[in-house]
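**Student:** Sequence:
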Amino acid sequence: MLTETTVREWLEAVKDPEIPVLSLNDLGVITGITVINERHVRVRMTPTFVGCPALDFMKQEVEQVLQEKGIEQAEVEVSFETPWSSDRITERGREALKKFGLAPPPQQALIEDLDILENVECPNCGSTETQLKTPFGPTLCRAIHYCTRCKETFEQFKPL
323 MLTETTVREW LEAVKDPEIP VLSLNDLGVI TGITVINERH VRVRMTPTFV
373 GCPALDFMKQ EVEQVLQEKG IEQAEVEVSF ETPWSSDRIT ERGREALKKF
423 GLAPPPQQAL IEDLDILENV ECPNCGSTET QLKTPFGPTL CRAIHYCTRC
473 KETFEQFKPL
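In this text, residue positions in the sequence shown follow the working numbering: the first is 323, and each later residue adds one.
Source of the hints: derived by calculation from the structure; they are not laboratory data. Values in this document were obtained by computation on a predicted structure and should not be read as measured data. Keep in mind that a hint or two might mislead.
Listed below are the simulated EDC-like cross-link pairs for lysine to aspartate or glutamate, each with C-alpha atoms no more than 16 Å apart in a straight line [as the list claims (entries may be wrong)]:
#: 1; residue 1: Lys337; residue 2: Asp378
#: 2; residue 1: Lys391; residue 2: Glu451
#: 3; residue 1: Lys421; residue 2: Glu383
#: 4; residue 1: Lys421; residue 2: Glu474
#: 5; residue 1: Lys381; residue 2: Glu451
#: 6; residue 1: Lys455; residue 2: Glu474
#: 7; residue 1: Lys420; residue 2: Glu399
#: 8; residue 1: Lys420; residue 2: Glu331
#: 9; residue 1: Lys391; residue 2: Glu443
#: 10; residue 1: Lys391; residue 2: Asp378
#: 11; residue 1: Lys381; residue 2: Glu397
#: 12; residue 1: Lys381; residue 2: Glu417
#: 13; residue 1: Lys381; residue 2: Glu399
#: 14; residue 1: Lys421; residue 2: Glu340
#: 15; residue 1: Lys420; residue 2: Glu326
#: 16; residue 1: Lys381; residue 2: Glu334
#: 17; residue 1: Lys337; residue 2: Glu417
#: 18; residue 1: Lys420; residue 2: Glu443
#: 19; residue 1: Lys421; residue 2: Glu443
#: 20; residue 1: Lys337; residue 2: Glu383
#: 21; residue 1: Lys421; residue 2: Asp338
#: 22; residue 1: Lys337; residue 2: Glu360
#: 23; residue 1: Lys337; residue 2: Glu440
#: 24; residue 1: Lys391; residue 2: Glu331
#: 25; residue 1: Lys337; residue 2: Glu394
Pair by pair, the computed Cβ-Cβ distance ranges are [to be verified]:
#: 26; residue 1: Thr412; residue 2: Asn446; range: 16 to 26 Å
#: 27; residue 1: Thr470; residue 2: Gly354; range: 20 to 30 Å
#: 28; residue 1: Gln429; residue 2: Gln453; range: 37 to 47 Å
#: 29; residue 1: Gln386; residue 2: Arg414; range: 35 to 45 Å
#: 30; residue 1: Cys447; residue 2: Glu394; range: 48 to 58 Å
#: 31; residue 1: Pro375; residue 2: Arg330; range: 20 to 30 Å
#: 32; residue 1: Thr328; residue 2: Asn446; range: 33 to 43 Å
#: 33; residue 1: Val372; residue 2: Arg330; range: 16 to 26 Å
#: 34; residue 1: Pro405; residue 2: Pro460; range: 33 to 43 Å
#: 35; residue 1: Gln386; residue 2: Thr456; range: 51 to 61 Å
#: 36; residue 1: Cys472; residue 2: Asn359; range: 28 to 38 Å
In this text, a Cβ means the ideal position worked out from N, Cα and C, and glycines have one as well.
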């Protein structure tokens, strides 16, 4: 009997296009799975932000994985009912971000002022002797920092 757990395990293969070591599960983008029957599955996704340019690609990847597993009717719906938050990133996802060289966002935090982006732990050496260089990184969800200890520049996944 097909279960939500099995489908979620299959979807571990679907990675975020910008952070290829991070599954959509661990990013917290897969927000619901409904097994209608052995050949029909509905997956709900909540993208990290409205207008995410990778949304269609991620939907296609989810559909492809499900079809490869024998699912004939794979529905992927996008929901903004509950906005995505960086608090949805799992602990395993936070570790994957660090290994990828991105500082994970602080938990249960929103950017109300830029102080929250100061003294971020460097993913390279672990120091918090860091400086925010710019709150605007290569994507909407990243900021650029500099570590005064190891002298490396790194990106942080911003709290959203």
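**Student:** Work down the list of hints and note, for each, if the structure agrees.
**Tutor:** Hint by hint, here is what the structure shows:
1. For the proposed pair Lys337 and Asp378, the alpha carbon gap of about 13 Å is at most 16 Å, so the pair holds.
2. Between Lys391 and Glu451 the alpha-carbon distance is near 47 Å, which puts this suggested pair outside the 16 Å criterion.
3. A C-alpha spacing of about 24 Å is found between Lys421 and Glu383, which places the hinted pair above 16 Å, so the restraint is violated.
4. For the proposed pair Lys421 and Glu474, the alpha carbon gap of about 15 Å is at most 16 Å, so the pair holds.
5. Between Lys381 and Glu451 the CA atoms are separated by roughly 39 Å; this puts the pair beyond 16 Å, and the hint is violated.
6. For the suggested pair Lys455 and Glu474, the alpha carbons sit about 12 Å apart, so the restraint of at most 16 Å is met.
7. Between Lys420 and Glu399 the alpha-carbon distance is near 30 Å, which puts this suggested pair outside the 16 Å criterion.
8. Proximity of Lys420 to Glu331 is assessed by CA-CA distance (about 22 Å); at most 16 Å being required, the pair is judged violated.
9. Distance check on the hinted pair: Lys391 and Glu443 sit about 40 Å apart at the alpha-carbon level, beyond 16 Å; violated.
10. Among the hinted pairs, Lys391 with Asp378 is inconsistent with the structure: their alpha-carbon atoms are about 20 Å apart, more than 16 Å.
11. At roughly 9 Å between alpha-carbon atoms, Lys381 and Glu397 fall within 16 Å of each other, so this suggested pair holds.
12. Straight-line distance between C-alpha atoms of Lys381 and Glu417 comes to about 25 Å, which puts the hinted pair past the 16 Å bound.
13. Of the supplied pair hints, the one linking Lys381 and Glu399 holds, its CA atoms being roughly 8 Å apart against a limit of 16 Å.
14. A threshold of 16 Å between alpha carbons decides the hint, and for Lys421 with Glu340 the separation of about 14 Å falls inside it, so the pair holds.
15. Proposed proximity of Lys420 and Glu326 is contradicted: the alpha carbons are some 28 Å apart, above 16 Å.
16. In summary, the hint linking Lys381 to Glu334 is supported, as the alpha carbons are separated by about 14 Å, within the 16 Å threshold.
17. This hinted pair checks out: Lys337 and Glu417 have alpha carbons roughly 15 Å apart, not beyond 16 Å.
18. At roughly 10 Å between alpha-carbon atoms, Lys420 and Glu443 fall within 16 Å of each other, so this suggested pair holds.
19. Proximity of Lys421 to Glu443 is assessed by CA-CA distance (about 13 Å); at most 16 Å being required, the pair is judged to hold.
20. At most 16 Å may separate the alpha-carbon atoms for a hinted pair to count; Lys337 and Glu383 meet this at roughly 9 Å.
21. A hinted pair counts as satisfied when its Cα atoms are at most 16 Å apart, and Lys421 with Asp338 qualifies at roughly 15 Å.
22. With a C-alpha separation of about 24 Å, the suggested pair Lys337 and Glu360 falls outside the 16 Å cut-off, and the hint is violated.
23. A threshold of 16 Å between alpha carbons decides the hint, and for Lys337 with Glu440 the separation of about 29 Å lies outside it, so the pair is violated.
24. Restraint check: the Cα-Cα separation between Lys391 and Glu331 comes to about 11 Å, which is no more than 16 Å; the hinted pair holds.
25. A hinted pair counts as satisfied when its Cα atoms are at most 16 Å apart, and Lys337 with Glu394 does not qualify at roughly 22 Å.
26. Distance hint check: the CB atoms of Thr412 and Asn446 are about 22 Å apart, consistent with the given range 16 to 26 Å.
27. Evaluation of the 20 to 30 Å hint for Thr470 and Gly354 yields a failure: the beta carbon distance comes to about 43 Å.
28. Take Gln429 and Gln453: their Cβ atoms lie about 22 Å apart, and the range 37 to 47 Å is violated.
29. A C-beta distance of roughly 23 Å is found between Gln386 and Arg414, which places it outside the suggested range of 35 to 45 Å.
30. Checked against the given bound of 48 to 58 Å, the beta carbons of Cys447 and Glu394, roughly 50 Å apart, stay inside it.
31. Checking the proposed 20 to 30 Å range against Pro375 and Arg330 shows it holds: the Cβ atoms sit about 25 Å from each other.
32. Checked against the given bound of 33 to 43 Å, the beta carbons of Thr328 and Asn446, roughly 37 Å apart, stay inside it.
33. Look at Val372 against Arg330: about 25 Å separates their beta carbons, and that is inside 16 to 26 Å.
34. Take Pro405 and Pro460: their Cβ atoms lie about 22 Å apart, and the range 33 to 43 Å is violated.
35. For Gln386 and Thr456, the hinted distance range of 51 to 61 Å is not satisfied, since their beta carbons lie about 36 Å from each other.
36. The hinted window of 28 to 38 Å between Cys472 and Asn359 is violated, with their beta carbons roughly 53 Å apart.
The structure fails to meet hints 2, 3, 5, 7, 8, 9, 10, 12, 15, 22, 23, 25, 27, 28, 29, 34, 35, 36 from the earlier list, while all remaining hints are met.
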